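**Student:** One-letter residues, chain by chain:
2 protein chains.
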Amino acid sequence: MSKELTSRAEDYSQWYNDLVIKGELADYSAVRGCMVIKPYGFALWENMRDQLDRMFKDTGHQNAYFPLFVPKSLFEAEEKNAEGFAKECAVVTHYRLKGDPGKKGKLIVDPEAKLEEELVIRPTSEAIIWNTYKGWIQSYRDLPLLINQWANVVRWEMRTRLFLRTAEFLWQEGHTAHATKEEAVEETVKMLNVYADFVEEWMAVPVIKGVKTANERFAGAEDTYCIEALMQDGKALQAGTSHFLGQNFAKAFDVKFSDKNNALDYVWATSWGVSTRLIGALIMAHSDDQGLILPPKIAPVQVVIVPIYKGEESKGPIDAKANEIIASLKALGIRVKYDNSDNSRPGWKFAQYELQGVPVRLAMGLRDMENKVVELARRDTKEKSSMPIEGLAETVAKLLNEIQQNMYNKALAFRNENITTVDSWDEFVKTLDEKGGFVSAHWDGTPETEEKIKEQTKATIRCIPLDNKQEEGKCVLTGNSSTQRVLFARAY
Amino acid sequence: MSKELTSRAEDYSQWYNDLVIKGELADYSAVRGCMVIKPYGFALWENMRDQLDRMFKDTGHQNAYFPLFVPKSLFEAEEKNAEGFAKECAVVTHYRLKGDPGKKGKLIVDPEAKLEEELVIRPTSEAIIWNTYKGWIQSYRDLPLLINQWANVVRWEMRTRLFLRTAEFLWQEGHTAHATKEEAVEETVKMLNVYADFVEEWMAVPVIKGVKTANERFAGAEDTYCIEALMQDGKALQAGTSHFLGQNFAKAFDVKFSDKNNALDYVWATSWGVSTRLIGALIMAHSDDQGLILPPKIAPVQVVIVPIYKGEESKGPIDAKANEIIASLKALGIRVKYDNSDNSRPGWKFAQYELQGVPVRLAMGLRDMENKVVELARRDTKEKSSMPIEGLAETVAKLLNEIQQNMYNKALAFRNENITTVDSWDEFVKTLDEKGGFVSAHWDGTPETEEKIKEQTKATIRCIPLDNKQEEGKCVLTGNSSTQRVLFARAY
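Respectively, the protein sequence lines represent chains E and A.
Each residue of the first sequence is one higher than the one before, starting from -10 at the first, in this note's numbering.
Each residue of the second sequence is one higher than the one before, starting from -10 at the first, in this note's numbering.
Here chain E stands alone, though its shape is the one from the complex (with noise of 0.2 Å):
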């Protein structure tokens, strides 16, 4: 290996971390709990957000872009959802620097230049979005409005981890507004489908699509959503949420709207994002030891191509046959790169796109190309094959399929192994303890036991299935009467 990396036996958290900064994803940043998404990190973010872009477009959604800042006044509005939010705020207070008169060259925030309310930075943007539509919304002609937004917010958190949990992150939101009820409902259920659908094809990791309990609900909603998926070290990570938000901001800003008979009602509102922490879930379900596995359809680079030179005069022949094969390939809409740098050995190659995690390795000497043929090297598998030249470009995109296929099957499979239904508090912990992943319980429905249960095991309910088998039990903690089985399991 050319960079060292810790195994997931080892230490998990180190070998996360190894994978998203040696496998050059994103870096520290001299910011505090901010990262720096490098260029390779944020190729595959705009992959996953150019497609997801498309599903919100497929689906009725326009983009648009409303102001980094809440002022304080308009933030507390919604009380449910500022006080869930308080804590985390950055906040600016002035809007001028200007020279320190004591230290040349330096600079002190101008005290004269203090704002006279305090701006937020928006952990998320219900409040002045909500402010906005308030302008926008008049009659049931102006509804539904169907709104998304591409955006960077800012939540201070004390422990940070790379894409996982950063002060500052990129995410979309979308806000939606509606006539009814019935409408708003069915646009939560729609862009949680939205979500599972992109994260199982796009991103090969399977997920449950459940309803929060009233402890985890987002700050401000009815009902959350949310898609749950499973890592590799057994712990769960919420991929996802669709809130319904009911005519609770329609409420804290005054948004009425006239219907067909002239009567008034407040809007009822959705709001629903997912954002950079997907990589740390795509990271996490299916990468190994030797470094990040990526799936195909999202991959900036989905095959590498390295020429094995055996002195100057094999480059210009085995240049020529390779840039044959990058056309063919790029005929096929496939992202391929071809790396001829004589900066590094074939083998230091090898291992840096092993990292990087590029679904197919490409490898041709002169031998190879008097055989006809190129050594093929699939990731997922690791996987070493002689391919005729002869009709490449069809077999490497029947390839990347059955790779991204095989990854989505691999976590699948993982994933059902780690559902394990219980019935006792003795086997309750035992799983958390020795086997982790989701344990199907039955549970009180109080908050007061599911409290209590993280307090003992720091396991949370991930979630209540949709369409949740109805059946008799006793809470796995108190013993009361229950008539669901939720999912419980440690997260991120």
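Because the hints were derived from the structure by calculation, they are not lab data.
Among the clues, some could well be false.
It does not matter which identical chain is meant; a pair holds if it fits inside one copy or across any two.
[Stated by the list, open to error] Calculated cross-link-like contacts (lysine-lysine; reagent style DSBU-like; alpha-carbon spacing at most 35 Å):
(1) K76 - K361
(2) K92 - K443
(3) K249 - K361
(4) K46 - K286
(5) K326 - K373
(6) K361 - K245
(7) K87 - K76
(8) K387 - K463
(9) K245 - K170
(10) K179 - K286
(11) K304 - K179
(12) K304 - K92
(13) K93 - K103
(14) K419 - K87
As the structure is a prediction and not an experimental result, all values here were calculated from the model.
Here the structure of chain E is known, so what remains is to put chain A in place on it, guided by the hints.
**Tutor:** Same frame as chain E, but now just chain A:
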């Protein structure tokens, strides 16, 4: 007209605001100086952004993302840059809110959550990026580094105008690092040319490429290249800048590289950016008293089809024929909207799409259908004609190109008529006051004279055109000798 617009002659500035707001491009927000970009305006920005992004990638650049925040100590490292932006900096000083003990449900900034070091919200990202590059660049092998970022930035302006000057705006900023001065200068000019090509070919706005004088240079740059456009009111608008930063930031952040001979040197830098301000330029270069006129290449909707129903029974056949036409337009990649909503009458729709600058409008009633024609209206010339449905998609595709070219030609003719060569102070002042536009005049090359001219006339030197003719002359203000003419104008 469905919505009353102010005419240009009446009040140019109000006309501009009417177009932005009634054309549904943007709206004021609750935050001082910040705007909301509405879906129609954002779709326009997306078309501009996507094309620029392709051009950046085609010239070898990659996207990345750097933090919103710049710690004050980093911000002040490059002194000229810091000095240039200090007066416009929004500053985060606290990271938490808490309940107001005096007022239930209200929040205050928690005085115990004061940051040890204040964070500046990026007005531009050289500081945070060059601090990061320090960790990425060791050897000539790491160069060039060709990175771009799409981001929001904040400059606390006292007088704001929608799109043209807002406290927060969206932009892209390229930040590149090079081993030699020559290569950095070449990059600076290359990106200036990318901007010029984009603005001319996609926005249909002719520009003059030039170099700024020292007075007008970007804070921290050795040279600022710019493209300057002319608005219909005779004022100039800086549409994009590309900076050769020399080794200033490399020195401020101690970024050195070892060359092939293992000698250490500071890295050479460029930065370049365009912003949502371009939308302001677009509006003022082309639009008229009836509303926006958008160039087809970036118009969110290129063709709108309005059905003219006479009674319910005409709906079915007209919708069916319209859907055929839509399919044929879409097959040619044309962005088309069918407005068969019954919320408003055809006349109201015509006025609305005229206001919103849709390049081509098709209207069709039963009679038209029987005659196998549609009524076609082009927005730029307001010409109307009857067009056969047979071959309509091809006709429209050709027409869209023609409109794009016609808009450019018209703007170019206007711009060229409004470059006036003057040789005396009287002429200079008279031209500015009575005609406006660019004034080509001799200047003695001193910042003092430039400053005096600005004080007396509000005109600034927009640029020294690239490949400027060298000729002897006398400064229009001082009579001192001069070797070339420069372009003056009043500007946005």
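**Student:** Given a CA cutoff of 35 Å, do K245 and K170 count as a within-copy pair, a between-copy pair, both, or neither?
**Tutor:** So K245 and K170 pass the 35 Å test inside one copy only (14 Å; across, 61 Å).
**Student:** Can you give me the call for K76 and K361, within, between, both or neither, at a CA distance of at most 35 Å?
**Tutor:** The answer is neither: 64 Å in one copy and 66 Å across copies each exceed 35 Å.
**Student:** Have a look at K326 and K373 and pick one of within, between, both or neither, based on CA distance no larger than 35 Å.
**Tutor:** So K326 and K373 pass the 35 Å test inside one copy only (19 Å; across, 51 Å).
**Student:** With identical chains, the pair K93 and K103 could be close in the same copy or across copies; at 35 Å between alpha carbons, which is it: within, between, both, or neither?
**Tutor:** Both. Shortest intra-copy (23 Å) and inter-copy (25 Å) distances satisfy the 35 Å Cα cut-off.
**Student:** Could you place K387 and K463 in one of the four classes (within, between, both, neither) given a Cα distance threshold of 35 Å?
**Tutor:** neither (50 Å within a copy, 72 Å between copies)
**Student:** Check K304 against K179 for me: Cα-Cα at most 35 Å, and say if that holds within a copy, between copies, both or neither.
**Tutor:** Between copies only: 31 Å across, 54 Å inside.
**Student:** Give the relationship of K304 and K92 under a CA distance limit of 35 Å: within one copy only, between copies only, both, or neither.
**Tutor:** Cα proximity of K304 and K92: none, with 59 Å in one copy and 76 Å across.
**Student:** For the identical chains here, do K92 and K443 meet the 35 Å Cα criterion within one copy, between copies, both, or neither?
**Tutor:** Between copies only: 33 Å across chains, 52 Å inside a chain, cut-off 35 Å.
**Student:** When no copy is named, should K361 and K245 be tagged within, between, both, or neither for a Cα gap of at most 35 Å?
**Tutor:** For K361 and K245, the Cα distance exceeds 35 Å both inside one copy (71 Å) and across copies (46 Å).
**Student:** State whether the alpha carbon distance between K419 and K87 is at most 35 Å within one copy, between copies, both, or neither.
**Tutor:** neither (60 Å within a copy, 40 Å between copies)
**Student:** Cα distance capped at 35 Å. Does K179 pair with K286 within a copy, between copies, both, or neither?
**Tutor:** both (23 Å within a copy, 33 Å between copies)
**Student:** What label fits K249 with K361 when the C-alpha limit is 35 Å: within, between, both, or neither?
**Tutor:** neither (72 Å within a copy, 38 Å between copies)
Hint compliance for this structure: hints 1, 3, 6, 8, 12, 14 are not met, and every other hint is.
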